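Enquirer: Line order of the protein sequences matches chains A and B.
All residue numbers for the first sequence refer to the working numbering, where the first residue is 1 and numbers rise by one.
All residue numbers for the second sequence refer to the working numbering, where the first residue is 408 and numbers rise by one.
These are computed hints drawn from the structure, not numbers from a lab.
Because the structure is a prediction, the values reported are computed rather than measured.
Possibly wrong hints are sitting among the right ones.
[To be verified] Once the Cα atoms are required to be at most 16 Å apart in a straight line, the calculated EDC-like pairs of lysine to aspartate or glutamate come out as:
| id | chain 1 | residue 1 | chain 2 | residue 2 |
| --- | --- | --- | --- | --- |
| 1 | A | Lys406 | B | Glu479 |
| 2 | B | Lys504 | A | Glu353 |
| 3 | A | Lys371 | A | Asp214 |
| 4 | A | Lys388 | A | Asp319 |
| 5 | B | Lys511 | B | Glu495 |
| 6 | B | Lys420 | A | Glu402 |
| 7 | A | Lys406 | B | Asp417 |
| 8 | A | Lys70 | A | Asp289 |
| 9 | A | Lys182 | A | Asp209 |
| 10 | B | Lys456 | B | Asp437 |
| 11 | B | Lys461 | B | Glu479 |
| 12 | B | Lys504 | A | Asp352 |
| 13 | B | Lys499 | B | Glu529 |
| 14 | A | Lys407 | B | Glu413 |
| 15 | A | Lys407 | B | Asp417 |
| 16 | B | Lys521 | B | Asp417 |
| 17 | A | Lys187 | A | Glu154 |
| 18 | A | Lys164 | A | Asp190 |
| 19 | A | Lys70 | A | Asp44 |
| 20 | A | Lys207 | A | Glu329 |
| 21 | A | Lys237 | A | Glu256 |
[Said to hold, decoys possible] Only some residues are given here: those of chain A computed to face chain B with a beta carbon under 7 Å:
| id | residue |
| --- | --- |
| 22 | His345 |
| 23 | Gly361 |
| 24 | Pro375 |
| 25 | Ala376 |
| 26 | Lys407 |
C-beta: ideal position from N, C-alpha, C; glycine also.
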Amino acid sequence: MFESLKLKADFPTLKRQIRGKPLVYLDTAATSQRPMQVINAMLDYFNNYNASVHRGIYTISEEATASYEKAREKIAKFINAKPREIVFVRNATEAINLVAYSYGNANINSGDSILITQMEHHSNLLPWQQLVKRKGAELLYTMVTDEGLLKMGEFDEHLNRKPKIVAFTHASNVLGTINPVKEMVKKANDAGAAVLVDGAQAAPHMKVDVKALDCDFYAFSGHKMMGPTGAGVLYAKEGMLERMEPFLVGGSMIREVELQSAKWAEIPQKFEAGTPDIASAIGLGAAVDYLDGLGMGDVREHEIALTKYTLGKLSQFKDIRIFGPMDAEKKGGVIAFYINGVHPHDAAALLDEQGIAVRAGHHCAHPLMRKFDVPATLRASFYVYNDKQDIDRFIEALKMAEMVLKK
Amino acid sequence: MDLYRENVLDHYKNPRNYGSMGSPTVKFKDSNPYCGDELEFSLKIETGKITDVKFHGTGCAISQASASMLSEKLIGMILADAMKLGKEEMQKWLGVKLTPTRLKCALLPLMIAKAAIAEFNEKKQK
Numbered sequence: 001m002f003e004s005l006k007l008k009a010d011f012p013t014l015k016r017q018i019r020g021k022p023l024v025y026l027d028t029a030a031t032s033q034r035p036m037q038v039i040n041a042m043l044d045y046f047n048n049y050n051a052s053v054h055r056g057i058y059t060i061s062e063e064a065t066a067s068y069e070k071a072r073e074k075i076a077k078f079i080n081a082k083p084r085e086i087v088f089v090r091n092a093t094e095a096i097n098l099v100a101y102s103y104g105n106a107n108i109n110s111g112d113s114i115l116i117t118q119m120e121h122h123s124n125l126l127p128w129q130q131l132v133k134r135k136g137a138e139l140l141y142t143m144v145t146d147e148g149l150l151k152m153g154e155f156d157e158h159l160n161r162k163p164k165i166v167a168f169t170h171a172s173n174v175l176g177t178i179n180p181v182k183e184m185v186k187k188a189n190d191a192g193a194a195v196l197v198d199g200a201q202a203a204p205h206m207k208v209d210v211k212a213l214d215c216d217f218y219a220f221s222g223h224k225m226m227g228p229t230g231a232g233v234l235y236a237k238e239g240m241l242e243r244m245e246p247f248l249v250g251g252s253m254i255r256e257v258e259l260q261s262a263k264w265a266e267i268p269q270k271f272e273a274g275t276p277d278i279a280s281a282i283g284l285g286a287a288v289d290y291l292d293g294l295g296m297g298d299v300r301e302h303e304i305a306l307t308k309y310t311l312g313k314l315s316q317f318k319d320i321r322i323f324g325p326m327d328a329e330k331k332g333g334v335i336a337f338y339i340n341g342v343h344p345h346d347a348a349a350l351l352d353e354q355g356i357a358v359r360a361g362h363h364c365a366h367p368l369m370r371k372f373d374v375p376a377t378l379r380a381s382f383y384v385y386n387d388k389q390d391i392d393r394f395i396e397a398l399k400m401a402e403m404v405l406k407k
Numbered sequence: 408m409d410l411y412r413e414n415v416l417d418h419y420k421n422p423r424n425y426g427s428m429g430s431p432t433v434k435f436k437d438s439n440p441y442c443g444d445e446l447e448f449s450l451k452i453e454t455g456k457i458t459d460v461k462f463h464g465t466g467c468a469i470s471q472a473s474a475s476m477l478s479e480k481l482i483g484m485i486l487a488d489a490m491k492l493g494k495e496e497m498q499k500w501l502g503v504k505l506t507p508t509r510l511k512c513a514l515l516p517l518m519i520a521k522a523a524i525a526e527f528n529e530k531k532q533k
């Protein structure tokens, strides 16, 4: 495991005291903490070469462009893609919406089907729901078992219907389930579908190789992997991007504009209309550097160890339901749970009084909450700056909350 | 433990007027989708006054305690006064300072009670 005190020092917000107690941040699944290195990279842009990209001939504009494109290269290398296959968007949600509009509108017709899963975050559900409504198509679901795994038999069966698009999450933000993505992508490819993988909870926490995965689209958010909010990524195979019509149109993404027509720019610029969030892209590049410094293999090992430790401690609570796999190797560093007789909101408020930040709610996964028949759950999620002491404090506070609240 | 002062916990664990009514004058159900708080209020209204209140549902301590306290205050109130109740009264009765997020939990019972009264008024006009 990482030397936690040294690492924690890199993340300024972790210095905070909450009601006299040091903050224990266990909500990385919502957004990660950002290290000084990322903040400094953004400040460097603002302080020293604040200018627009792709436009100016003057020095600071060239510097900004170089920095922005260097960030794109770093991200491409991080997931084993080509720079022209990396589109900067605001976040994974925007990435998926882009595909639903750009690819979906042109390729889905009445009577077609799209296949997703019951464990999807709303951001990988609603764009498809709206698409099928627009086109008179059908939305199919691979359901989830009580253990929080996908019913692969159903997945195979639905593929027989030859869905045009297959979209699913790499790792669940509630269950922690890491899906057998390589196998699923292969099957979906063989069935002739375009495949999108939602990597929001995976790319920050484990090595991702999009060439090996062979998916058409891979979406993730910078702010969940130590980057700032405002820079997310859509990876897409270059052939796809070349064939797709743009999503947002305007400045920066054209080659030539006439009164009644326009010619689009080369990829990926074709999909980056308007002035981008330059500082955030640069920040995300710095985040990739930081993660490369740690090594994604070690990041994953660290989280497996913490998850195993936490699952062990949580299992000691009576009347607790822990959702998703109980094997830390098969689980991302995300644990959602429910203690009978203890409402998650009350527990979260009491945990806050002890300095512990956890999430209470439906985690943008209503269908999943309905399947497990709970109104809301508590969720603790980890990253490299968490350690066993964090978990111990979390468990102590949870025991206290249970004592106060249980009827 | 200020948010969970004794009286909030007391109302949460021993809610007053909990249950349903035989033949309510009006009832209304709603929920807070943010966290799954769900409540139904049943009111008995006679000559413009609330003579009995029953509520039931599930949810967090704030929403349940709020509902319990509100139910006590509503009995004997004339409709016009009930409709005037707002955030200030709820916070005063709960006796705790609420963040904007938890305020939604505290106001849910009031919203439901007012909706029930509004429905009653509408039916009366027809």
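Enquirer: All hints are to be evaluated individually against the structure, with a verdict given for each.
Expert: Results for each hint:
no. : hint                   : verdict
1   : A:Lys406 with B:Glu479 : violated (23 Å)
2   : B:Lys504 with A:Glu353 : holds (14 Å)
3   : A:Lys371 with A:Asp214 : violated (31 Å)
4   : A:Lys388 with A:Asp319 : violated (24 Å)
5   : B:Lys511 with B:Glu495 : holds (13 Å)
6   : B:Lys420 with A:Glu402 : holds (13 Å)
7   : A:Lys406 with B:Asp417 : holds (12 Å)
8   : A:Lys70 with A:Asp289  : holds (11 Å)
9   : A:Lys182 with A:Asp209 : holds (10 Å)
10  : B:Lys456 with B:Asp437 : violated (23 Å)
11  : B:Lys461 with B:Glu479 : holds (10 Å)
12  : B:Lys504 with A:Asp352 : holds (15 Å)
13  : B:Lys499 with B:Glu529 : violated (30 Å)
14  : A:Lys407 with B:Glu413 : holds (13 Å)
15  : A:Lys407 with B:Asp417 : holds (10 Å)
16  : B:Lys521 with B:Asp417 : violated (24 Å)
17  : A:Lys187 with A:Glu154 : holds (13 Å)
18  : A:Lys164 with A:Asp190 : holds (12 Å)
19  : A:Lys70 with A:Asp44   : holds (15 Å)
20  : A:Lys207 with A:Glu329 : holds (14 Å)
21  : A:Lys237 with A:Glu256 : violated (25 Å)
22  : His345                 : holds (4 Å)
23  : Gly361                 : holds (6 Å)
24  : Pro375                 : holds (2 Å)
25  : Ala376                 : holds (5 Å)
26  : Lys407                 : holds (5 Å)
Violated hints, in rising order: 1, 3, 4, 10, 13, 16, 21; the structure is consistent with all others.
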